[in-house]
Amino acid sequence: MTALLEARDIVQRYGEVQALSGVSLVVREGEFLSIIGPNGAGKTTLVNVLTGLLRPTGGSVAFRGRDVAGVGPVRLAALGMARSFQLVNVFPGLTVGETLSVPALARLGHAGRPFASLARHTEIADSVAEMAELFGLGDKLKRPARTLPQGDKKLLDVASAFALRPDLILMDEPTSGVSTRDKTSIMDTLVQAAKRLGVKAIVQVEHDMDIVFAYSDRIIALHQGRVLADAVPAALRADAEVVATVLGAPR
Amino acid sequence: MIGALLLAAAVTAAAAVPLTGREYYATLMLPFFAYSVALLGLNLLFGTTGLLSFGHALFVAVGGYTAAYLGSALRMRSLEAMLVVAAVTAALVAVPVGWLCVRYVRIYFGMLTLAFGMLFYSFLYKFYGLTGGDEGMPVARPTLLGQSFGDLDKTGYLVGPYYYYSLAVCVVAALSMWRIVRSPLGLSLRAIRENADKAEYVGVRVRRYRFYAFVIAAVFGAAGGVLLVVPTGLASPTLAYWTHSGNLVFMLLLGGFSHFFGPVLGAFVFIFLQDQVMSVTEYWRFVFGVVLAAVVIFLPHGLMSLVTRRVDA
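Just so you know, the sequences run in chain order A and B.
Residue numbers for the first sequence follow our numbering, so the first one is 2 and each next one is one higher.
Residue numbers for the second sequence follow our numbering, so the first one is 132 and each next one is one higher.
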């Protein structure tokens, strides 16, 4: 399988604190990869480095063989990598339809056109309709994001990242802030959507181990800024050290 | 549909004002047209993009002085030429100023635009040879579409051909801005206003589009500035003074920045209210202060929210 994203020996220091001490990982096409670890393990820092938001103190990040350390979100989106955040992140005053139009326009390179008519842009309308349908928001296109229930906000947030039609999507706790009942349906929705849209790989940071073990092809366990384990779910469960430090005592 | 009918009615009413024979009210409409154009630009920055400029008068002054300079120094009398040159000049000034200002947001953006406005004011005030210093520069009566209307006296010219010319410029400006707000750029700008961080992650070039908005706003400001100085016949440094920028922001808040036509309504109410209050008391600024406070507290979406409860743009 081809490597989409490759990080080598990532070191990230904040003053005296060393958040990441030599993390290496590879994300391959067709994979659903989960990054787990206790609070403070460096998960969010790692995602920030992988998505070009932070330029690491040391090490390299390559997406499709191209160095992307610190390139910033806009460039990264253009290259084919998208990201969603832990906290629900929407455009409160934009409708669902408008929200989904924004990434679609950006993807086509039309987002800065000052005199074109948005209403008559059929390609955008089609993309919006498709995304809304995939994420079950088809009947809410005219609703401002702020009026949506929490679960729909989360879906809209993730949907707007998917609307970039990225090759790789990184999600920081895609089901955080959502009721346990909704978690599985959200995960099913976005795995389905990824398949339909041709997303080649998904990386998620997740605390909910039921979700992690149900959906992942491979799991990376971080602990104190280092990779503790990088294995398929079954192997990880058998790793006593991982169970002790990350997963906790077996229930 | 109702909106379009209301709009047509408003334009027709405006077109009918000179026909009523009340020249005084027609002359008051002239600064209203000028400010409407400038405010449509300012509101692209504030209402649409979420950046509040306290230095928009800089570009109004650029327009005013461009008209004065072309007329007196270059003997170029065509109003069309003045509008085009003013728009280009404003864009050229807005490139470096905007490039610096859009690196900042909120109060820092506001303060920086204020600083550039005052810098330009000082320039106008001090470079006597070029700008006429505190006396300003006279603005010669421009030709309209090649016609000089030499047989009309000043009032006849202003409430006649110039009136309809200004109205037409105002309508064209409104239609252009309507288009811009509903374009892909317009949507990107609204996304930036709502959540700039999120916008970046869905591929929006936040700083670049803020810069575009800044330049477009400057062009509208300068066009308004040209229209503003023709009736008074004078471009003076006070055009760029910070209180003038403050008045522009006042008009925006008065009318309501969250509706497309809020700024236009704000300009209208401001000018006619100022006229009425000034004729009653010299403490008109005090009255205006009370009005502004009341609007901000009781009508945060401006007077436009009384007209329509719908908040868009």
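Heads up, a few of these hints could be off.
Pairwise CB distance ranges (calculated) [unchecked claim]:
| no. | chain 1 | residue 1 | chain 2 | residue 2 | range |
| --- | --- | --- | --- | --- | --- |
| 1 | A | Gln151 | B | Gly134 | 29 to 39 Å |
| 2 | B | Trp309 | A | Ser180 | 54 to 64 Å |
| 3 | B | Ser253 | A | Thr58 | 18 to 28 Å |
| 4 | B | Asp328 | A | Glu30 | 23 to 33 Å |
| 5 | B | Leu306 | A | Glu124 | 55 to 65 Å |
| 6 | B | Arg416 | A | Phe116 | 49 to 59 Å |
Computed far set for chain A versus chain B, every beta-carbon distance over 10 Å [what the hints assert, rightly or not]:
| no. | residue |
| --- | --- |
| 7 | Ser22 |
| 8 | Leu95 |
| 9 | Arg114 |
| 10 | Asp183 |
| 11 | Lys196 |
Just so you know, the hints here were simulated from the structure itself, not pulled from any lab data.
Glycine included, C-beta positions come from ideal geometry on N, C-alpha and C.
Looking back at the hints listed earlier, which ones does the structure fail to meet?
Hint check: 2, 3, 5, 6, 8, 9 fail, others pass.
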